[in-house]
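A.B. asks: Given the structure of chain A, go ahead and fit chains B, C, D, E and F onto it with the hints provided.
6 protein chains.
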Amino acid sequence: MSTFERTHPAPLLPLLYEPMVRRALEEDLGRAGDLTTDSVVPPGATARAALVTRQLGCVAGLEVGLSAFTMLDPSISITRTTRDGHMVAPGDSLAVIVGAARTILSGERVCLNLLGRLCGIATTARAAVEAVRGTHARITGTRKTTPGLRIVEKYAKRVGGALNHRFGLDDGVLIKDNHIVAAGGLKPAVLRARAAAGHMVKIEVEVDTLEQLDEALTLPIDAVLLDNMPPDMLREAVRRVDGRVITEASGGITPDTVAEVAATGVDMISLGWLTHSVPVLDIGLDFDPTGTRKPPSGLD
Amino acid sequence: MSTFERTHPAPLLPLLYEPMVRRALEEDLGRAGDLTTDSVVPPGATARAALVTRQLGCVAGLEVGLSAFTMLDPSISITRTTRDGHMVAPGDSLAVIVGAARTILSGERVCLNLLGRLCGIATTARAAVEAVRGTHARITGTRKTTPGLRIVEKYAKRVGGALNHRFGLDDGVLIKDNHIVAAGGLKPAVLRARAAAGHMVKIEVEVDTLEQLDEALTLPIDAVLLDNMPPDMLREAVRRVDGRVITEASGGITPDTVAEVAATGVDMISLGWLTHSVPVLDIGLDFDPTGTRKPPSGLD
Amino acid sequence: MSTFERTHPAPLLPLLYEPMVRRALEEDLGRAGDLTTDSVVPPGATARAALVTRQLGCVAGLEVGLSAFTMLDPSISITRTTRDGHMVAPGDSLAVIVGAARTILSGERVCLNLLGRLCGIATTARAAVEAVRGTHARITGTRKTTPGLRIVEKYAKRVGGALNHRFGLDDGVLIKDNHIVAAGGLKPAVLRARAAAGHMVKIEVEVDTLEQLDEALTLPIDAVLLDNMPPDMLREAVRRVDGRVITEASGGITPDTVAEVAATGVDMISLGWLTHSVPVLDIGLDFDPTGTRKPPSGLD
Amino acid sequence: MSTFERTHPAPLLPLLYEPMVRRALEEDLGRAGDLTTDSVVPPGATARAALVTRQLGCVAGLEVGLSAFTMLDPSISITRTTRDGHMVAPGDSLAVIVGAARTILSGERVCLNLLGRLCGIATTARAAVEAVRGTHARITGTRKTTPGLRIVEKYAKRVGGALNHRFGLDDGVLIKDNHIVAAGGLKPAVLRARAAAGHMVKIEVEVDTLEQLDEALTLPIDAVLLDNMPPDMLREAVRRVDGRVITEASGGITPDTVAEVAATGVDMISLGWLTHSVPVLDIGLDFDPTGTRKPPSGLD
Amino acid sequence: MSTFERTHPAPLLPLLYEPMVRRALEEDLGRAGDLTTDSVVPPGATARAALVTRQLGCVAGLEVGLSAFTMLDPSISITRTTRDGHMVAPGDSLAVIVGAARTILSGERVCLNLLGRLCGIATTARAAVEAVRGTHARITGTRKTTPGLRIVEKYAKRVGGALNHRFGLDDGVLIKDNHIVAAGGLKPAVLRARAAAGHMVKIEVEVDTLEQLDEALTLPIDAVLLDNMPPDMLREAVRRVDGRVITEASGGITPDTVAEVAATGVDMISLGWLTHSVPVLDIGLDFDPTGTRKPPSGLD
Amino acid sequence: MSTFERTHPAPLLPLLYEPMVRRALEEDLGRAGDLTTDSVVPPGATARAALVTRQLGCVAGLEVGLSAFTMLDPSISITRTTRDGHMVAPGDSLAVIVGAARTILSGERVCLNLLGRLCGIATTARAAVEAVRGTHARITGTRKTTPGLRIVEKYAKRVGGALNHRFGLDDGVLIKDNHIVAAGGLKPAVLRARAAAGHMVKIEVEVDTLEQLDEALTLPIDAVLLDNMPPDMLREAVRRVDGRVITEASGGITPDTVAEVAATGVDMISLGWLTHSVPVLDIGLDFDPTGTRKPPSGLD
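Protein chains in written order, with the working numbering: chain A, 489 to 788; chain B, 489 to 788; chain C, 489 to 788; chain D, 489 to 788; chain E, 489 to 788; chain F, 489 to 788.
Here chain A stands alone, though its shape is the one from the complex (with noise of 0.2 Å):
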């Protein structure tokens, strides 16, 4: 089996991320439209703009960015010269554009920030992914997303080589300490959810002891979320454990120590910052009418 699944999903249905868009567009052209645009720029003009990284990183939805002014305007011609799971370096660029000036200029900045926003996760997630590069530990995100973005956002997390964990509070239970007190015990808890649950549902649960852990260990579950430990106390659970269900280390895992945590040899690692602080990658649109762009870089 190739590799390609890991850096290059498939790509995500326009169906799934095209209100989403809509609503972008519509939130920044407001009742009028682009004021500027419309009055200085003449109707006839076509211009030629690539969209250009100023900064090393992983592309991710570019089709989502692009689609931004193919939707203001379907004649509009995109030629991409990169593709989504591919590394950029400053001055690619991403994709050539060609038409109508105004759609352009009036397009831009809902391109961007999209673009910009799922580059920055993609890039993020891949330096993780790179940091536990030669451990047996994966990625994998959390639900801190941002509101209405999930589904674009869990997305760029796959391009940059993570894996996801659940898409919302209906596809799979993760009990967590407030659930266990909320039900009386671990035990009942687990019991529940199991009998509730369909047969294709996994059930993890939520530790911050070794004691507990053990207790875990004793029900039918699928996976463990190791909370807030250290590494060495990672370590003797993943020896607890032993391969019987997964284990997931989570909590205060920053780029800095995230190596160490995949040392101690924990199935899973996930990371809230992949999405929720996650600096967006700095692309801009250049005006470029003699297409003297610099070529892509053909780094991967």
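For the record, the hints were derived by calculation from the structure and aren't laboratory data.
A portion of the hints provided could be inaccurate.
All copies of an identical chain are treated as equivalent in the list; a pair is satisfied when it fits inside any one copy or across any two copies.
Distance condition first, Cα-Cα at most 20 Å in a straight line; then the derived EDC-like pairs of lysine to aspartate or glutamate [what the hints assert, rightly or not]:
1. Lys664 x Asp770
2. Lys632 x Asp561
3. Lys675 x Asp561
4. Lys664 x Glu699
C.D. replies: This is chains B, C, D, E and F only, laid out in the frame that chain A set:
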């Protein structure tokens, strides 16, 4: 006149943010709802929980975040212990929520995703405002907001003490380099915009050099955006403008340089990172059955 | 642990079904509203009416159906005389509605269309569950639901005692014959899915023959769907699986054969007809001015 | 005049059904899309598949169902081998779909859920129409349709040869027993409706007895709904009406009794089970790489 | 039977108009809300304001307009001083609104835009009804309504005493000249419509000449629309029809000629200008801190 | 600079008006579609029809109106014979539409309702602009637009040569009498607004007397709205302002008095009747099989 307008803008109308919160809840609950809570937590169980910050920061969007609970369950009871515009210190609670344990657990993540982001923006904005205190400069933002969240993110910037720039392409004219190229020069661009714009619309022009500035000052404009100018050039630009139009510094300004920029005498400093790359404020939901949660520290 | 989870799943959140009920009301009221009621019934007239079943069945979706009235008129008063998961016999009332006669008449059909369908599904599911009582097998459904009603129909199946299969294409991997063809074999299909899927995602594989089953058992899967196998082959399949993965029988199973299938020892039996061809439960709305309606029979 | 109007109503406008199909696709794809197909099927793989019926039935909603594929992927290629209103026999194909294997697999279930239901309704309607052939009676439906699907279900009834009753509460007046009670009598009910209704609105009155019928015939009505009357009473009712208004039989009519009811001479017979309890037509999607699929049998 | 149905149709269900009012509020508040009020008016300020008419007119849509305030702020307090269908004279108040000054100021324009238009329509309709008083003719409208406002505009016509024609293309058959051309003649057009239409659907035919009328009267129709006929021709048409079908005059009728048309004996007169060119009723919102506003004049 | 900006504003983006047109089509087609056309017109029938004006007027919204046809049927073929901003005389065609007769007949009313209204607004605006030709004054509108149509109505005013005032409460500050009362005076009102508003927001103040004007001129404002002032007072106001801020006359200005108001030297004249009470331009759809329709008169 008191200063309340500065740090305490009028509360956002729920009509303006409820559809976005509803989408966030639908995004998290999916089709099956909260599998864990629904199966594990007894239907009659009640709980008391507090929104607690782990970091020092400025509160913003408290009502936006709390609406996640009340939309799920109008019978939930909420006691606010602070409000938008106030500072909170690690361990402070923002609100106490009492009601069905299921509601609290199912609404938690949407509330925190919204609240953490908006508090993060306000906190960052406030830091920038503090950094320029004592100068003439006011902090403003950009349209580099999260797609779908512009209303609430612009609000959070205001809560942090910044002013708002355009909300979209339709409530002001901002003529940038690409517009000037497409229009065939600065003068025709400004004159066309002035002819087309209503009398309530302001016109701002982006200039990169002092020569462009001089040309701009001969035209009927309201503001100049001084793009990517070093402090000395900014100071000279302010001197040349001499109060005739509003001056705005933009481009490449960092938290480290913002004070230096402010010292040049510009009227406005616009900062894209207030929204596009801001880390969330780390806020959690703590179950607090005995109600012994530390009261807020009373910072402001 | 009590058995309440089985027959009484957590109530559906109104947030999840209200948009669908609103669409149903808009669909029935059109642009002009209820011509008959609006012209014939005096504005101040009040009424008392009962939802009464004409058939023996299992209640499901009572709140969904009743929301048709409260959405039209929040002042309507409703007394529930049973609840989801309970059985009702011919003549039993499910709820008594008191308020404006116009509201009751205008909301009647939408309420009954929803309630009849959901009770029909729960009743059918419960019959299937009863048919396999005493065996190891659990009943589950499919994605053969009515477009737009998946949330409520999946809920109704749960109310009837069945478990739920996938809610959509996105919350589990189910590799069918066409996937295997497209992937070039069962092994690459499973390995690709395993590499791409998050750790909370289960993988099920459809097999038609015992040879396919043997191959599947060499791969990292969680469940096998034994498609269109006669009872003897199912029994042999269960023997070969020997508890290593979950077994699910599917295809061509009828109410007459479900018990025989259950006797083969399979873990799950999935039945498409629980949703795609289920008759409604015949429920009517009877005006009952004197309140002498027979109380529910107390079945469960 | 040809008979095409009867069995071949005008095709539904996509504008009227596309939002419903879009919701169905969103419902099935959720947030993560088709996990199985996306990970298992190579991106460039193409396929050829046929929609094939396993049962004898009347085609309806072919375009509605196929739109599930074209909405996902406008480049998909479709060859229709039959059309709405035609009969198909087991093994007949309805359409052949060629294009990206991912699209075909991801859209399959939504297409089949829609198509199976609509063909089921048309088939049932056609059987009822056949059952009364040779009599004066026409078959009509009711508002007992699936919430959200009224437009397409009413269309499918028409395809099967039935006529449509009201589409909602707003396109006709139907005065039932509860309206009469609330209005204080049949006469005031009819007179109020006549005074309020526009000149394009018909008024029908439900009667349970011959005495009520006699009273109704003294009033300015257009039709009478003869509710739950045995054949002899229906025959007498038809005699008394003597063509002055339209007669409609309703209530408790089964496939076994519909011919007997038709023989009484009533104009219309309304059947709720055409939509509320109809089994789907069993249609599948067969991959058919060699294109050797049996052509349709040419029934009509 | 009282006459209340004529001038006081049943109140519109909020479910039918609330989405439209919500869109109107979103349209006016945009992304930033009410900049003026939010910055100028102190948060705790309360106010008392009255909706006051500057012109004589018929009230319609009072609840529709007032919902602009209650949607913004459910705590607002409203006292109605008149109701739909009543006349008001210059200076009369329609309602008094007490509550947060911000709410009143922010909702004012949307309320007035809706209310002024609907009262304008009702006032115009009432004048037309008055103009034909004493004749047999009833006033009706057309589908020439404002896009998006048909529900409320049709309602306002009813409040003014007119009856409604079709609400859309789907609740009646109206065969016009272009249909006849496309169908190849009047007879095939009528017969096809009769074959396809349900038994609750009426058929009206537009005729321009008495010869067309004679042909139409040989066919199974319910009404004739006598288009652009001068009074003498209308009178002759009415004579020829002799009560067999409903007669409707249409086309080129002005406020000056409507009485003359009515005198010809036609049953219905349809007037497009009731909705497409009606001036608003001039209504304002007056702050009225002392509550000394003149009470309504008691006209009806 | 040419004058094209004045009479030919940039075309509206379809993204901004398509949802409104879609709602209008859904409103007219209802659930059953076009009963008449669907039953009467053969499916294969094609037609050629022209949009023809019966009145002299200014074209606006041609693309908005035509989109009603293309949304129903993308295969329709349209030839424009004029464009927005041009004048047409009675009998002139605006566009010729060729394609399926069903599409043309089903889309006709929605197209005409939109087009007639927008041309009516542009025609009225143009007349007002003509009336003040030769003076300094520019015509502007108000927020007294039809709920839901602000985007297109504001556009039509621009097409007619007027400028636009605020699009909503959020893109400018306009302090009126009630705001001043609530704020406790003009000065605190202006200062609070200035402190809260971004640097791209203008502040206008409504004044009723010359004394108020004098006070306003001492404050940091951008424009004064001179409300309900007679010409002499306006002239004096303009004298006192002496170009320091923009002057706008408003209130009680009629088509008969607008020239006299313009002669006072004010900068802007705002007219509510441009949108709230404008008669539609009478435009029809004429079937024109032979294509002999008179070409447009070439007015502008």
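A.B. asks: Checking an output row: Lys664 and Asp770, CA cutoff 20 Å. Within, between, both or neither?
C.D. replies: between (37 Å within a copy, 18 Å between copies)
A.B. asks: Given identical chains, is Lys664 near Glu699, meaning Cα to Cα at most 20 Å, within a copy, between copies, both, or neither?
C.D. replies: Cα proximity of Lys664 and Glu699: one copy only (15 Å, versus 42 Å across).
A.B. asks: With identical chains treated as interchangeable, where does the CA-CA distance between Lys632 and Asp561 reach 20 Å or less: within a copy, between copies, both, or neither?
C.D. replies: Neither. Shortest intra-copy (34 Å) and inter-copy (22 Å) distances fail the 20 Å Cα cut-off.
A.B. asks: Tell me, please, which holds for Lys675 and Asp561 at an alpha-carbon limit of 20 Å: within, between, both or neither?
C.D. replies: For Lys675 and Asp561, the Cα distance exceeds 20 Å both inside one copy (58 Å) and across copies (28 Å).
Comparing the model with each earlier hint shows violations of hints 2 and 3; every other hint is respected.
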